[in-house]
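Peer 1: Sequence:
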Amino acid sequence: MEIKLNPIYSGICPICGREADAESIIKHNMCTRCFSEKQNVPGGLLLHKYFEEELEDFEEVFEKLVGHKPWGAQKTWAKRLLDRENTVIIAPTGMGKTTLLLVYSIYSAARYGRKILYLTPTRALARQVYSKLHTLASKLRKPLYILIYDSSASKKAREEVLSSMRTGQFDILILTNNFMVKNTEIILSSGIDIVVIDDVDSLLKSDKNVKKLLKLIGYNESIVEKVKEKHRILWRALFSKAMNREDLYEEYIRKLVEIEAELEELTRTIEVKQVVIASATGKMRGIYAKILRDLLRVDISGITVYGRNVTDTFMYIDHTDSTAIYKVIEKLGPGGLILVSPRHPFKDSLVKIAKNIETKLVSSGYRVGYAEPGSIEKLVEGKLDFIIGSSSYYGVSVRGIDAPRTIKYVIFLGTPVFTLDLGTMLASPKILIRAALYLYETTMDEKYRKIALDIRNKVFSLTPGEIKILSMLLRGRLELEDVENAKIKEIYSELREYYNTVSEKIKEIVKAKTVVDMGTITFYYSEKNRKWYAVIPDALTYIQASGRTSRLYLGRMTHGFSLVVEYKVFENLVKSLDLRLGFYTNTKLFKPIEAIDLNKEARLIEETREKLEKGGIKYRNILVIVESPTKAKTIARFFGKPVRRRIGSLNVYEIPFIKNEEIIHLNVIATRGHIYDLTTDPNVANYGIDITEYDIMPRYETIKKCRICGYQFTYGTQCPRCGSKTYVDSAEVVNALRKLAGEANEVYIATDPDIEGEKIAYDVYLAIKGFNNNVWRIELHEITAKEFINALTKRRSIDYKLVEAEIYRRVLDRLIGFSLSHNLWRKYGKNWLGAGRVQTPVLGWIIERYKKYLENKCRKIVYRLTSYPGIHVSTCIPVADKELYNELLSATKAELILKEKRDELVKPKPPYTTDELLSDASKLGLPASKTMKIAQELFELGLITYHRTSNHYVSSTGISIATKYLEAKGWSSLARPSHWGEHGAHEAIRPVYPLDPVDLEKAVTEGVLSLPIPLTKLHYRVYGLIFKRFIASQMKPYRILKHVYSVYVGRHHIGDLVLGIRVLEDGFNVVSKPRIYPELENVDTVCSGVEVVFKTIASKVKLYSEGELVHRMKNEKLGRPSTYAKIIDNLIRHGYTIRSKKIGYLIPTKTGIEVYDYLAGNYPDLVSTATTQVMEEYVDRIACGELSAAHAILGVVEVIEKHNLPLSSREAVFSTSS
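Counting along the sequence shown from 1, when you hit position 1165 you're at 1164 in numbering that gives the first Met the number 0, and nothing is skipped either side.
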């Protein structure tokens, strides 16, 4: 019988929680024991089925009350509500949030006898809710007592309501936010079980309100203070980590663990209420936002625009004549909101336009009112045709109106904006950098570029809190003597000077022009006030207000229309609003009014309010699983500002979007890397791999990570390194994935597109098997919205061949690494020694190069030509020739004699592969591991394509990015698009946007590109390497005139020097900027003084840099792009090599040489380069299905047994002790 590979996973059975083999999980969704005994233990899978039954019950009640079943999004939210989870529903206006909250309130009160507090932002909305609840509840047999406090009611009626509140004589209580804040103590005595907050933003706009809400939910002051302390410690820990203070970091982590344990104890003894929150936009900042998020385990901030069926248009004007605007109103008819921008620089003129429109409407027989609660009700009832109000975020005409039939379009008189004093705006160090760069681009004065660079260098290492202090000092909101931090004081004194310099110049330019555009920021000088302002579009208010026109009605979204009327001089406000909305929608929204068919718009507005849509809105809830939290945030942010939901210690990012007229409710979660690894249980033979006659069964356990020292382990209940019993277990990840998979319609596993990513995907698939039957694998080769959407259409099943290849590779590393390492322990009695199948031959290369380095030692002298300080020459003198060395060291003159003139065509290199990037980054002094970490982050941020690649291929998308960039820079004539070969598994490493490092920094500073983690100098540095190399690869070669000089120092010829003289024909040189010396074009002989720059003992043979070593690994086919950096790090960690201090060259240690000689001499068939190459080839053959992984593993075991190497840690320990 054929031997097969069948891994065993500890604790994976969803019925009994015991171990199960992969084959049983795939076939039966449970272990063989549960399947054979037909177990009915209430494990996770059965609890999931019970929960589905309650959902069906709720749907029946919903249909009875509303007349139809909940649509997709409502069903998704209902699952969380019924699970008694604190739930935040951030969705556009009109998506059925309120209807769901009403039904859930009635269901909870009628079915379980729970008391509901229902909070609304306004009295008008409170009365609407009261009326709707009464209508819906009347359809139930059981009567409910629904109570509302209305401040406009009689004194007697109000007192009766207060009395009922105090005694808890109600089922559902409806209050305004304002009443709740003022009367928290009365409400606390009423026995509330659930708090429903409809339209949360106005409640959360002050810390005072949030404190009251926390108290109402059940959290006392000591808990709140403890959470505050937790955040203070967390910041200190993160800062210590950034400053490489591992001692402080470990101390703060221990404190953090203690505080979290205390918090858990405090919260266990109190009863808290379920909190249900709904809003179209979540807007909350500050420490209390963090406290509320921590305690509710869900984030309130978020913004989405999916499902929104609105035509967004703009009109530019240059006067106060309202004729053109009124023509639009005449075409669309009654049902309009006319909103004046309250902070607009030309507000007075806009108010006059609004008055003109009002006069014309009234004279035409229309009924017009101003925005106030009474008018809103009249509009809803159809007693008014138009409302004039202001586009204020908390205004009554922007929030809380649900009138799908009567509100049809909105006219914005002026773009909704924030207006700040120019000085306040520039007090932000980020904006100050942006302004300095703007001045450099405008004036071409190098001074401003240096200011920008210096500010960036100074604030790079500061925490957000420290940056805020700097900003407050610059704004004059804080006195310098009140600041104790010496570093902040020092930085502030220099920053103040820059702030004044930049402010004065910006003011000078703005005053001369009145309006100046700096990206998405508009500067304005008011002659009337003699003040300078910064004006920024208010995207959230625009979304809220325009969303009033598009609501869920008759089974579909009603069609709405929006017109932004703006003065021509402020056209940048509309463009910037479109850019900022593009961050949420991933597309341009606004069209000029001239391009719109208003008759068609009027028809769509009416049709969507009259005809019932058959089939309703299409909807899917999908779960996307990735490895990295950064990648999860980046993907979710493609479609808006996601809601963050906490399940245990894991974050889930939730955001819906539209694709092919279907709403896709996206949930993204990160596994935080592998969730399973081979066990280190000493009782399992072969280092965690069971081998029988028929099966090879690698045994996997969930990965545990020590919270104190960060060490990862699989076996045991305490950290093997530091002994701590405080760790994070990825079993928690498994439970969270199962819960989310049960909620979703489909699951997409988007781990990295390589064999390691495939193995993680396989483990995830096994963990959630049975909780969802629609599980797919997708690949993302770049983290962009386009790639993500495309990947969803190219879904596939798990590739078991790739999984087997990764299992073989991991088992290979375990068997060879552990057996050789334990043999070293046995021989030397040192249990920190280690060996690996790839790292050992690589160590041999380092030793070989080191020996050649020693054999070729010399004395090196580097000179600078005093007549041409940019030119350096050097020579290397044999160590034994002291006379020549002393003569050259004392030389004072050099002569360069022209030997040859060359007209050279310089061709661009292809874009980077992994090894090439590591090689070039090492020349900047970056270790391979650091470069890979930065590249991983750039990939996960969606700024570059996948960074683990051995291909130079560039896709058509990549070519279009280069073309756009070159067009924008005026270099289209220098473009030469190239794919650089055939399509491989991955593309080359390239940028995702046509943004060079400077453009990238501008986009990040202005908020056009929102990234989940801040970019450091090193991020920009590595990104710059990748960008420059890629853009150059898509450009023409350049021709350059070069001179070859023979170099003489004193009377000795020390070699030749090649210098670029003049670019004859432009190409990629405009990007690479080669150094040229045009002053030497007609110079045949250069006579110059020389000075010694430095002298040192060197060698004619260089030691290996990390980059060169990686390059050899690729050429020799040892290791993979994903493992190059790890191999070098392992050699350093074991003490076999060290990095030289200045340049980072790799030098073998005495221990490294001794261990290598022993291993290479005794086990060449396990550690030689040739053997390792064969093993790497086996990985590829298994991945292609040409070789059986099980047979390959057996072959390795046979070699280990042949050498009598230990095959268990017990065996090694016993041998060492004896």
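These aren't lab readings, by the way, just hints derived from the structure by calculation.
Beta carbons: idealized from backbone N, C-alpha and C, even for Gly.
Treat the hints with caution; some may be incorrect.
Simulated crosslink set (EDC-like; lysine to aspartate or glutamate; CA at most 20 Å straight-line) [what the hints assert, rightly or not]:
| hint | residue 1 | residue 2 |
| --- | --- | --- |
| 1 | Lys486 | Glu507 |
| 2 | Lys141 | Glu84 |
| 3 | Lys131 | Glu58 |
| 4 | Lys1149 | Asp1128 |
| 5 | Lys37 | Asp20 |
| 6 | Lys1113 | Asp1156 |
| 7 | Lys1072 | Glu903 |
| 8 | Lys382 | Asp347 |
| 9 | Lys74 | Glu84 |
| 10 | Lys486 | Glu503 |
| 11 | Lys704 | Glu84 |
| 12 | Lys587 | Asp1156 |
| 13 | Lys359 | Glu380 |
| 14 | Lys229 | Asp192 |
| 15 | Lys829 | Glu1175 |
| 16 | Lys1113 | Asp753 |
Distance windows between CB atoms, simulated [unchecked claim]:
| hint | residue 1 | residue 2 | range |
| --- | --- | --- | --- |
| 17 | Glu496 | His318 | 52 to 60 Å |
| 18 | Ser648 | Lys1140 | 19 to 27 Å |
| 19 | Glu261 | Leu139 | 51 to 59 Å |
| 20 | Lys1140 | Gly1160 | 28 to 36 Å |
| 21 | Arg794 | Pro976 | 39 to 47 Å |
| 22 | Asp798 | Ser972 | 40 to 48 Å |
| 23 | Ser796 | Glu1 | 21 to 29 Å |
| 24 | Glu1 | Asp1164 | 55 to 63 Å |
| 25 | Lys851 | Lys1201 | 31 to 39 Å |
| 26 | Leu904 | Thr442 | 32 to 40 Å |
| 27 | Ile896 | Glu445 | 54 to 62 Å |
| 28 | Gly167 | Lys486 | 21 to 29 Å |
| 29 | Tyr827 | Asn773 | 53 to 61 Å |
Peer 1: Now tell me if each hint is right for this structure.
Peer 2: A quick look at each hint next to the structure:
1. Lys486 x Glu507: With Cα atoms ~32 Å apart, lysine 486 and glutamate 507 exceed 20 Å; violated.
2. Lys141 x Glu84: 26 Å, violated
3. Lys131 x Glu58: Judged against 20 Å, a Cα distance of about 19 Å means the pair holds.
4. Lys1149 x Asp1128: With a Cα-Cα distance of about 18 Å, the restraint between lysine 1149 and aspartate 1128 holds, given a limit of 20 Å.
5. Lys37 x Asp20: 17 Å, holds
6. Lys1113 x Asp1156: 24 Å, violated
7. Lys1072 x Glu903: 16 Å, holds
8. Lys382 x Asp347: 29 Å, violated
9. Lys74 x Glu84: 14 Å, holds
10. Lys486 x Glu503: 26 Å, violated
11. Lys704 x Glu84: 27 Å, violated
12. Lys587 x Asp1156: The given pair, whose Cα atoms are some 64 Å apart, is violated under the 20 Å limit.
13. Lys359 x Glu380: 23 Å, violated
14. Lys229 x Asp192: 28 Å, violated
15. Lys829 x Glu1175: 29 Å, violated
16. Lys1113 x Asp753: 17 Å, holds
17. Glu496 x His318: 52 to 60 Å: 44 Å, violated
18. Ser648 x Lys1140: 19 to 27 Å: 39 Å, violated
19. Glu261 x Leu139: 51 to 59 Å: Since the Cβ atoms of glutamate 261 and leucine 139 sit about 45 Å apart, the hinted range of 51 to 59 Å is violated.
20. Lys1140 x Gly1160: 28 to 36 Å: Holds, at about 32 Å.
21. Arg794 x Pro976: 39 to 47 Å: For arginine 794 and proline 976 the Cβ distance comes to about 31 Å; the hint is violated.
22. Asp798 x Ser972: 40 to 48 Å: Once the Cβ atoms are compared, 45 Å apart, the range 40 to 48 Å for serine 972 and aspartate 798 holds.
23. Ser796 x Glu1: 21 to 29 Å: Holds: the Cβ-Cβ distance is about 22 Å, inside 21 to 29 Å.
24. Glu1 x Asp1164: 55 to 63 Å: 26 Å, violated
25. Lys851 x Lys1201: 31 to 39 Å: 34 Å, holds
26. Leu904 x Thr442: 32 to 40 Å: About 37 Å separates the Cβ atoms of leucine 904 and threonine 442, which means 32 to 40 Å holds.
27. Ile896 x Glu445: 54 to 62 Å: Given range 54 to 62 Å: violated, Cβ gap about 37 Å.
28. Gly167 x Lys486: 21 to 29 Å: Roughly 56 Å apart at Cβ, these two residues miss the hinted range, so it is violated.
29. Tyr827 x Asn773: 53 to 61 Å: 54 Å, holds
The structure fails hints 1, 2, 6, 8, 10, 11, 12, 13, 14, 15, 17, 18, 19, 21, 24, 27, 28 (numbered hints given earlier, in ascending order).
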